[in-house]
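Here this note's numbering is used: position 85 in the sequence shown is 85, and no number is missing along the way.
Calculated directly from the structure, the hints in this document are not laboratory data.
Possibly wrong hints are sitting among the right ones.
[Unchecked claim] Label pairs and their calculated CB-CB ranges:
| id | residue 1 | residue 2 | range |
| --- | --- | --- | --- |
| 1 | Ala88 | Ala230 | 38 to 44 Å |
| 2 | Ala35 | Arg174 | 27 to 33 Å |
| 3 | His154 | Asn113 | 32 to 38 Å |
| 4 | Pro81 | Arg174 | 37 to 43 Å |
| 5 | Glu105 | Arg214 | 25 to 31 Å |
| 6 | Gly85 | Pro229 | 46 to 52 Å |
Ideal Cβ placement from N, Cα and C applies to all residues, glycine included.
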Amino acid sequence: MSPARRPAAVRQFALPLALPASASRADLIEDASNAEALAWLDQPDRWPGRRLALFGPEGVGKTHMARAFAAAHRWRWLDGPALRGLQAPAGEGTVVDDADAVPEEAALLHLLNLAAERGEGLLLVGRDPPARWRVRLPDLASRLRAVTAIGIGHPGDALLGALLAKLFADRQLRVAPEVQTWLLARLPREAAALAEAVARLDRAALVAGLPVTRTLARAALEGWDGFGPAPGDDASETNTAVPSPPVPALL
(Lines of atoms letter the chains of each structure in order from A; the text may use other names.)
(Lines give C-alpha, C1' and ligand atoms only; values in the text may rest on other atoms or scores of the structure.)
Protein backbone atom coordinates (compact mmCIF):
# COMPACT_ATOMS: atom_id res chain seq x y z
CA MET A 1 0.00 0.00 0.00
CA SER A 2 1.50 3.33 -1.01
CA PRO A 3 1.96 6.11 1.58
CA ALA A 4 -0.61 8.23 -0.26
CA ARG A 5 -3.33 5.64 0.39
CA ARG A 6 -2.71 5.12 4.08
CA PRO A 7 -5.72 6.01 6.25
CA ALA A 8 -5.71 9.79 6.57
CA ALA A 9 -7.18 9.65 10.05
CA VAL A 10 -4.41 7.40 11.34
CA ARG A 11 -1.73 9.38 9.58
CA GLN A 12 -2.74 13.00 10.21
CA PHE A 13 -4.95 13.52 13.26
CA ALA A 14 -3.23 14.52 16.48
CA LEU A 15 -5.51 14.73 19.48
CA PRO A 16 -4.55 16.09 22.92
CA LEU A 17 -4.49 12.72 24.65
CA ALA A 18 -1.24 13.00 26.59
CA LEU A 19 -1.46 11.60 30.10
CA PRO A 20 0.67 12.94 32.95
CA ALA A 21 3.50 10.64 33.92
CA SER A 22 2.79 8.81 37.14
CA ALA A 23 4.82 9.92 40.14
CA SER A 24 3.71 7.12 42.44
CA ARG A 25 6.08 4.64 44.04
CA ALA A 26 3.37 2.01 43.67
CA ASP A 27 3.53 2.36 39.90
CA LEU A 28 7.24 1.57 39.69
CA ILE A 29 7.86 -1.92 38.33
CA GLU A 30 10.78 -3.74 39.90
CA ASP A 31 13.19 -6.18 38.29
CA ALA A 32 16.87 -7.03 38.53
CA SER A 33 17.84 -3.86 36.66
CA ASN A 34 16.47 -1.45 39.27
CA ALA A 35 15.92 -3.49 42.44
CA GLU A 36 19.00 -2.15 44.22
CA ALA A 37 18.16 1.45 43.34
CA LEU A 38 14.59 1.08 44.58
CA ALA A 39 15.82 -0.44 47.84
CA TRP A 40 18.08 2.57 48.42
CA LEU A 41 15.31 5.03 47.53
CA ASP A 42 13.01 3.38 50.06
CA GLN A 43 15.47 4.17 52.89
CA PRO A 44 16.77 7.75 52.50
CA ASP A 45 17.61 7.96 56.20
CA ARG A 46 20.31 5.33 55.64
CA TRP A 47 22.12 7.16 52.86
CA PRO A 48 25.72 7.93 53.88
CA GLY A 49 25.81 11.65 54.55
CA ARG A 50 22.17 11.79 53.35
CA ARG A 51 23.46 11.82 49.76
CA LEU A 52 22.82 9.40 46.92
CA ALA A 53 23.34 9.32 43.17
CA LEU A 54 21.38 7.31 40.61
CA PHE A 55 23.15 6.69 37.32
CA GLY A 56 22.51 4.76 34.14
CA PRO A 57 22.03 5.16 30.40
CA GLU A 58 19.18 7.13 28.89
CA GLY A 59 15.81 5.43 28.92
CA VAL A 60 16.21 3.14 31.94
CA GLY A 61 13.78 5.08 34.16
CA LYS A 62 16.12 7.16 36.35
CA THR A 63 14.01 10.31 36.13
CA HIS A 64 10.76 8.40 36.64
CA MET A 65 12.12 6.80 39.80
CA ALA A 66 13.50 10.10 41.05
CA ARG A 67 10.18 11.88 40.48
CA ALA A 68 8.32 9.19 42.39
CA PHE A 69 10.81 9.55 45.24
CA ALA A 70 10.54 13.37 45.27
CA ALA A 71 6.74 13.21 45.32
CA ALA A 72 6.66 10.63 48.12
CA HIS A 73 9.10 12.52 50.35
CA ARG A 74 8.19 16.08 49.27
CA TRP A 75 11.68 16.93 48.20
CA ARG A 76 12.43 19.89 45.99
CA TRP A 77 12.98 19.12 42.29
CA LEU A 78 15.69 20.90 40.30
CA ASP A 79 16.69 20.44 36.66
CA GLY A 80 20.47 20.31 36.42
CA PRO A 81 20.82 22.29 33.16
CA ALA A 82 18.90 25.16 34.79
CA LEU A 83 20.88 25.17 38.06
CA ARG A 84 22.66 28.49 38.43
CA GLY A 85 23.64 30.70 41.33
CA LEU A 86 22.97 30.09 45.00
CA GLN A 87 20.01 27.97 46.07
CA ALA A 88 17.94 28.59 49.17
CA PRO A 89 17.64 25.81 51.76
CA ALA A 90 15.19 23.12 50.67
CA GLY A 91 13.87 21.95 54.01
CA GLU A 92 13.84 18.16 53.78
CA GLY A 93 15.85 17.49 50.63
CA THR A 94 16.55 18.17 46.95
CA VAL A 95 16.56 16.04 43.81
CA VAL A 96 18.74 17.24 40.92
CA ASP A 97 17.89 15.61 37.61
CA ASP A 98 20.60 15.62 34.93
CA ALA A 99 23.01 16.71 37.65
CA ASP A 100 25.93 15.89 35.37
CA ALA A 101 24.78 18.68 33.05
CA VAL A 102 24.84 21.57 35.55
CA PRO A 103 26.31 24.59 33.70
CA GLU A 104 27.79 26.25 36.81
CA GLU A 105 30.01 24.00 38.91
CA ALA A 106 30.00 26.55 41.71
CA ALA A 107 26.21 26.24 41.95
CA LEU A 108 26.41 22.48 42.39
CA LEU A 109 29.23 22.81 44.91
CA HIS A 110 27.19 25.31 46.90
CA LEU A 111 24.20 22.97 46.88
CA LEU A 112 26.32 20.08 48.14
CA ASN A 113 27.82 22.22 50.89
CA LEU A 114 24.45 23.67 51.89
CA ALA A 115 22.85 20.24 52.13
CA ALA A 116 25.73 18.97 54.26
CA GLU A 117 25.65 21.98 56.59
CA ARG A 118 21.90 21.76 57.15
CA GLY A 119 21.61 17.97 57.17
CA GLU A 120 19.31 18.01 54.14
CA GLY A 121 19.01 15.07 51.79
CA LEU A 122 20.37 15.25 48.25
CA LEU A 123 19.67 12.92 45.32
CA LEU A 124 21.73 13.40 42.15
CA VAL A 125 20.65 11.81 38.86
CA GLY A 126 22.98 11.40 35.87
CA ARG A 127 24.26 9.04 33.22
CA ASP A 128 27.55 8.23 34.96
CA PRO A 129 28.59 7.92 38.61
CA PRO A 130 29.49 11.34 40.06
CA ALA A 131 33.12 10.26 40.52
CA ARG A 132 33.40 10.16 36.72
CA TRP A 133 31.82 13.54 36.00
CA ARG A 134 34.16 15.95 34.29
CA VAL A 135 34.48 18.86 36.68
CA ARG A 136 37.19 21.47 37.10
CA LEU A 137 36.73 22.53 40.71
CA PRO A 138 38.85 20.29 42.97
CA ASP A 139 36.48 20.75 45.92
CA LEU A 140 33.51 19.68 43.80
CA ALA A 141 35.35 16.65 42.45
CA SER A 142 36.23 15.61 46.00
CA ARG A 143 32.65 15.89 47.22
CA LEU A 144 31.27 14.03 44.23
CA ARG A 145 33.65 11.15 44.81
CA ALA A 146 32.22 10.79 48.31
CA VAL A 147 28.62 10.36 47.09
CA THR A 148 27.29 6.79 47.15
CA ALA A 149 26.32 5.90 43.57
CA ILE A 150 23.82 3.22 42.55
CA GLY A 151 23.54 2.10 38.95
CA ILE A 152 20.40 1.20 37.00
CA GLY A 153 20.73 -1.27 34.15
CA HIS A 154 18.71 -1.84 31.01
CA PRO A 155 15.26 -3.24 31.80
CA GLY A 156 14.58 -6.92 31.27
CA ASP A 157 11.87 -8.42 29.09
CA ALA A 158 9.51 -8.99 32.03
CA LEU A 159 9.73 -5.36 33.15
CA LEU A 160 9.20 -4.02 29.62
CA GLY A 161 6.22 -6.30 29.11
CA ALA A 162 4.67 -5.27 32.42
CA LEU A 163 5.29 -1.60 31.65
CA LEU A 164 3.68 -1.81 28.21
CA ALA A 165 0.65 -3.59 29.66
CA LYS A 166 0.33 -0.89 32.34
CA LEU A 167 0.60 1.92 29.79
CA PHE A 168 -2.25 0.40 27.80
CA ALA A 169 -4.31 -0.14 30.96
CA ASP A 170 -3.78 3.48 32.04
CA ARG A 171 -5.47 4.54 28.79
CA GLN A 172 -8.16 1.86 29.09
CA LEU A 173 -6.95 0.17 25.92
CA ARG A 174 -7.53 -3.57 25.68
CA VAL A 175 -4.72 -4.97 23.55
CA ALA A 176 -4.25 -8.68 22.99
CA PRO A 177 -1.12 -10.17 24.60
CA GLU A 178 0.16 -11.37 21.22
CA VAL A 179 -0.08 -7.81 19.87
CA GLN A 180 1.86 -6.49 22.86
CA THR A 181 4.55 -9.12 22.29
CA TRP A 182 4.68 -8.14 18.62
CA LEU A 183 5.10 -4.46 19.57
CA LEU A 184 7.85 -5.15 22.09
CA ALA A 185 9.91 -6.81 19.38
CA ARG A 186 9.74 -3.64 17.27
CA LEU A 187 10.03 -0.81 19.80
CA PRO A 188 13.07 0.59 21.64
CA ARG A 189 13.74 -0.97 25.02
CA GLU A 190 13.09 2.33 26.80
CA ALA A 191 10.22 3.45 29.01
CA ALA A 192 9.86 6.81 27.26
CA ALA A 193 9.66 5.17 23.84
CA LEU A 194 6.99 2.73 25.00
CA ALA A 195 4.95 5.60 26.44
CA GLU A 196 5.22 7.53 23.16
CA ALA A 197 4.18 4.47 21.16
CA VAL A 198 1.13 3.87 23.36
CA ALA A 199 0.10 7.53 23.06
CA ARG A 200 0.30 7.29 19.26
CA LEU A 201 -1.70 4.06 19.25
CA ASP A 202 -4.32 5.59 21.54
CA ARG A 203 -4.80 8.49 19.12
CA ALA A 204 -4.94 6.20 16.09
CA ALA A 205 -7.43 3.79 17.67
CA LEU A 206 -9.74 6.61 18.77
CA VAL A 207 -9.74 8.33 15.40
CA ALA A 208 -10.08 5.12 13.39
CA GLY A 209 -12.70 3.66 15.72
CA LEU A 210 -10.78 0.39 15.72
CA PRO A 211 -9.05 -1.73 18.36
CA VAL A 212 -5.27 -1.79 18.53
CA THR A 213 -4.25 -4.68 16.30
CA ARG A 214 -0.99 -5.45 14.55
CA THR A 215 -2.39 -3.93 11.37
CA LEU A 216 -3.45 -0.66 12.98
CA ALA A 217 -0.25 -0.46 15.01
CA ARG A 218 1.91 -0.87 11.94
CA ALA A 219 0.04 1.89 10.09
CA ALA A 220 0.05 4.23 13.10
CA LEU A 221 3.73 3.77 13.91
CA GLU A 222 5.16 3.47 10.40
CA GLY A 223 7.62 6.28 9.73
CA TRP A 224 8.23 6.96 13.44
CA ASP A 225 11.90 6.63 14.36
CA GLY A 226 11.03 4.50 17.37
CA PHE A 227 9.41 1.75 15.30
CA GLY A 228 11.32 -0.75 13.23
CA PRO A 229 11.18 -4.26 11.81
CA ALA A 230 11.97 -7.33 13.86
CA PRO A 231 13.92 -10.35 12.65
CA GLY A 232 11.70 -12.45 10.42
CA ASP A 233 9.56 -9.59 9.09
CA ASP A 234 8.98 -9.65 5.35
CA ALA A 235 7.67 -7.21 2.78
CA SER A 236 4.19 -8.72 2.64
CA GLU A 237 3.75 -8.25 6.40
CA THR A 238 4.90 -4.64 6.40
CA ASN A 239 2.53 -3.64 3.59
CA THR A 240 -0.75 -4.84 5.08
CA ALA A 241 -3.52 -2.28 4.66
CA VAL A 242 -5.67 -0.81 7.40
CA PRO A 243 -9.35 -0.25 6.62
CA SER A 244 -10.07 3.45 6.24
CA PRO A 245 -12.46 4.73 8.90
CA PRO A 246 -15.60 6.60 7.87
CA VAL A 247 -15.27 10.35 7.48
CA PRO A 248 -16.92 12.00 10.50
CA ALA A 249 -19.89 14.21 9.76
CA LEU A 250 -19.48 17.92 10.38
CA LEU A 251 -22.06 19.28 12.77
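For each hint, the structure was consulted:
no., hint, result
1, Ala88 - Ala230: 38 to 44 Å, "violated (51 Å)"
2, Ala35 - Arg174: 27 to 33 Å, "holds (30 Å)"
3, His154 - Asn113: 32 to 38 Å, "holds (35 Å)"
4, Pro81 - Arg174: 37 to 43 Å, "holds (40 Å)"
5, Glu105 - Arg214: 25 to 31 Å, "violated (50 Å)"
6, Gly85 - Pro229: 46 to 52 Å, "holds (49 Å)"
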